[in-house]
Amino acid sequence: MQLSQTLFSPYKLIGRVILPLTLVAIFSLFIIYPIIVVISGVFIVNGEFTLTNILSITYDPFVSTIILNTLIMGGLVTLITTILAIPYAYILDRYDIPFKSFFLLMTLLPFVSPPYVGGLGYINLLGRQGTISLLLLKAGLINKPLEIMYQTTPIINPFTGSRIAEIHWGAVIISALTYFPLMALTFFSALQNIDESLEEEAYILGAKPSTTFFRITLKSAMPGLIAGVMLVFISFVDEVGIPLIVGYRNVMAVAAYDAIVESSFYYTPRGYVFSLIMIVIGLLVLFLGRHYISLTRYVSVVRGAIRYRKIVRLTGLKRVIALTFMIIVAGMLSISTIGLLLAAFATEWYLTPFPTKVGLDNFVEVFEEYFILARNSIIYSVTSMLVGIIMSALIAYMIVRMRIAYSGALDYIITLPLVVPGIVIGIGNWAVWRGTPLDPFVNPVTIIALVIAFRKLPYAFRAIYASTLQIPAEFEEAGLTLGANRIKTFIKIMLPALAPALIAGGLLAFIAGITELSSTLVLSATKNAGSLTLAIFLALVDIRHGPTVASAIGVIIIVISIAVAYMANKFAKRTIGGLRLF
Amino acid sequence: MVNVNLINLTKIFGKDVAVDNVNLTIEHGTFFTFLGPSGSGKSTTLRMIAGLEEPTRGEILFDNRPVTHLPPYKRGVGMVFQNYALWPFMTVFDNVAFGLRIQKLSKSEIRERVKEALRLVQLEGLERRYPHQLSGGQQQRVAIARALVVNPKILLLDEPLSNLDAKLRIEMRREIRKLQRRLGITTIYVTHDQEEALAISDKVAVMNRGRIVAVGTPYEVYNNSNNEFVLSFVGHTNFIEGKVIETRGENTVIVETKLGEYKIRHAHNITNGKIILGFRPEHARLTKKQPKPKSSIGKIVMKEFLGKIVRYEIKVGDETIVIDIMAKDDPGYSEGDSVYIDIDENHLLVVH
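Keeping their order, the protein sequence lines are chains H and Z. The first sequence begins at 42 in this note's numbering and counts up one residue at a time. The second sequence begins at 6 in this note's numbering and counts up one residue at a time.
Worth flagging that the hints you see were computed from the coordinates, not collected in a lab. Predicted model only: the values in this text are computed from it and were never measured. Treat the hints with care, since some could be wrong.
What the hints assert, rightly or not - Taking lysine-lysine pairs in the BS3-like style, the calculated list, with each CA pair at most 30 Å apart, reads: (1) Z/Lys279 with Z/Lys313; (2) H/Lys141 with H/Lys260; (3) H/Lys533 with Z/Lys120; (4) H/Lys533 with Z/Lys112; (5) Z/Lys293 with H/Lys529; (6) H/Lys529 with Z/Lys320.
Stated by the list, open to error - Ranges of calculated distance between the beta carbons of each label pair, as one might list FRET restraints: (7) Z/Lys20 with H/Ile528: 58 to 66 Å; (8) H/Pro537 with Z/Arg214: 35 to 43 Å; (9) Z/Ser301 with H/Ser238: 47 to 55 Å; (10) H/Ala540 with Z/Gln127: 25 to 33 Å; (11) H/Leu149 with Z/Leu29: 52 to 60 Å; (12) Z/Arg214 with H/Ile528: 34 to 42 Å; (13) H/Ser238 with Z/Glu129: 22 to 30 Å; (14) Z/Gly44 with H/Ser251: 20 to 28 Å; (15) H/Asp452 with Z/Glu114: 57 to 65 Å.
For glycine and all other residues, C-beta sits at the position ideal for the given N, C-alpha and C.
Hey, can you work out the whole structure from these sequences and the hints?
So this is what it looks like as structure tokens:
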């Protein structure tokens, strides 16, 4: 009996112990360990423990100002997006209005257009020499170029009269417009999951529509709203692209990067300090997010079978107001695309509202000038895709099927890169790999490819994990009873059953890889290590190129992303739902 | 043609004892059914026989050879799952051919055997279809064909009919029964539907809380068991309290109940004091005249016309008694009428 018992165990040992540990170790090497290195960089200097660095928050005004800037502006961005997203999503969900699919499409924008590319579009239109500024000057409505994108408002401590922080309006406005779709989409799907009978019951009990909205609808959709709030806030904290586009450096992510660049000339712990604060914010969001997912599950339990949402037809003044609101918001979202396209195809555009000559010169320029960076972009996104598919399939399978211990913790760890800023992971990896074969100065493309791949793993993992959960265990059990062993059932049954999700998840990781900016920014130690996203910033500061070539690069990234997203959607309409953060 | 032995079979999940010391012999060629409510351990027992769960304790023998720790792919069983587990990305042909391909048979042999298996379940001509293009009943047949095509030693069916509508369920259970008769294959079936279990099986084991509480032919289980759980789970049973007032000879006692005095034969080990008696709804009649000394009168609280029978619910004191009368013999009482209940003495069971 003891002898026959061992027939089971080789698979158990490999499947439940060796393989999970190996995968976690590889993942940890590029994500967890670098984060630990960054944290210890704050507390350990020259081998000795110190609290000086962390206490600098309290006495170094430069550090405290940047932290406050980030928190205040992040709060403002979150507030604006929430105020806009609630009516936007509600109208979309409940009312019959024209152009509905267009309004819905606008909420999907961030999945194909990276924030800094959208930011570039806004600057092309709303900048000092942008179309709108020049049109207003021409009309004589203003006598100085439009400054809205560059203005700051100081925040004064009323007791001491000293300036403690500031709000940069360009960064706030562009971020709010860029992250608005995330909030709208999250809230919209929460609304869609509400069982209508909950509201009908309130009406029957005599509640007014406004009472019903605040006490039933909003409350039921609260988990979605809170997820949206955290998503937007953390995205702002993580963002380097938008501040860089408007030339603002006093937010944590950019300041952390600057400090790391400075630290190659003299010692400064600021990069690590900012990173630590961003890690703490990220972990807070992760824990709170997990708390709310259980509520989300509760909501979905309440929900019955698929039903048809009763669409109310708005009439008269209400219809006009609703439609005007939607057009204004969607209009603001779409002007960035207009600005981007105008510049991308402009071959001659200098101090006029519109280009004076159009053509494809900018695109030709991109490939002549930045061919290597374009090639790198493909390397990075294909690596993300392959690593995403293979790691996610194995890990998801182990969590769902092999009943491995600590599977909850494993799920947590894999979600980590979604909340820890790319700048932090970049800085950590920089510190980890210096002086090794993967040194960013020696082998930048390899280390960047690996870091991006592991950072973007959650995108593939969420989609593939969600699908794995939906595949009945009986699929494989049927194979087992028919004579196929675990390995054969995995290959012949599990993989084909998962194929649509694997392809979709892989394509999502591809998009995430091609739009990555922050880790690449930190780790591209040599000239030829960057990607197309970095090329945007190189082109912007290059006197020969400027915003037109940068915009052309943006268009290329968006077009590739749209094509890939379309394919992903085609392969697995359902698994796209796995894209969401929580 | 294999017989199956379960010896002290036990499965514990965490702290829950799912299957508790089951001992059983399933003769070769039998159609054997595990019947029980959900959570009674019947599916877990089946899954241990298939090799999909490892027993915590105990042994499983196929033809007296231990297979307890053999993985499922080395056991040579065929299994039909509750949700059929047809692979949606494979055609009917590929689904059925899977097991044969694992055995690396030649293409022509695979084609022959798949065709034969599909003929057996009357699905010829649907080879190119995908599972989602089939009806529930057809999917069920594919699942059976897939399990049978590899010539398994034992056929295992885990609530295979629970996803079908009532009419199709009866049709399919007849077909499964006929198929089993024709092939003579040892078949182990799991269901929570007592009517299905009684109709389809050679032998039934009733399970409750991980234990087997009754085993026998459907007739024996329905009529002869005096286990309280079996009596209430398999069909309906009325339970009444009784008091032994007289002992006559070796095995006969007189019992006084709310419904009168009854003579009970074969009353082994009954001394005196209180006992619980049980009788099936069909084993009594209603009457206006007091049938036995000391019977109390009851009141009809509900009358249901069920087609072949009429069901009366009668309140006697605090207790509600259910009586089924053949519709053609219905005395035609109405709700609110007062009546006496007269139990057929020969069918009165001593529960404990």
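Consistency of the hints with the structure:
no. : hint                               : verdict
1   : Z/Lys279 with Z/Lys313             : 36 Å, violated
2   : H/Lys141 with H/Lys260             : 25 Å, holds
3   : H/Lys533 with Z/Lys120             : 22 Å, holds
4   : H/Lys533 with Z/Lys112             : 18 Å, holds
5   : Z/Lys293 with H/Lys529             : 72 Å, violated
6   : H/Lys529 with Z/Lys320             : 62 Å, violated
7   : Z/Lys20 with H/Ile528: 58 to 66 Å  : 33 Å, violated
8   : H/Pro537 with Z/Arg214: 35 to 43 Å : 40 Å, holds
9   : Z/Ser301 with H/Ser238: 47 to 55 Å : 48 Å, holds
10  : H/Ala540 with Z/Gln127: 25 to 33 Å : 32 Å, holds
11  : H/Leu149 with Z/Leu29: 52 to 60 Å  : 59 Å, holds
12  : Z/Arg214 with H/Ile528: 34 to 42 Å : 37 Å, holds
13  : H/Ser238 with Z/Glu129: 22 to 30 Å : 47 Å, violated
14  : Z/Gly44 with H/Ser251: 20 to 28 Å  : 47 Å, violated
15  : H/Asp452 with Z/Glu114: 57 to 65 Å : 46 Å, violated
When held up to the earlier numbered hints, the structure conflicts with 1, 5, 6, 7, 13, 14 and 15 and fits the remainder.
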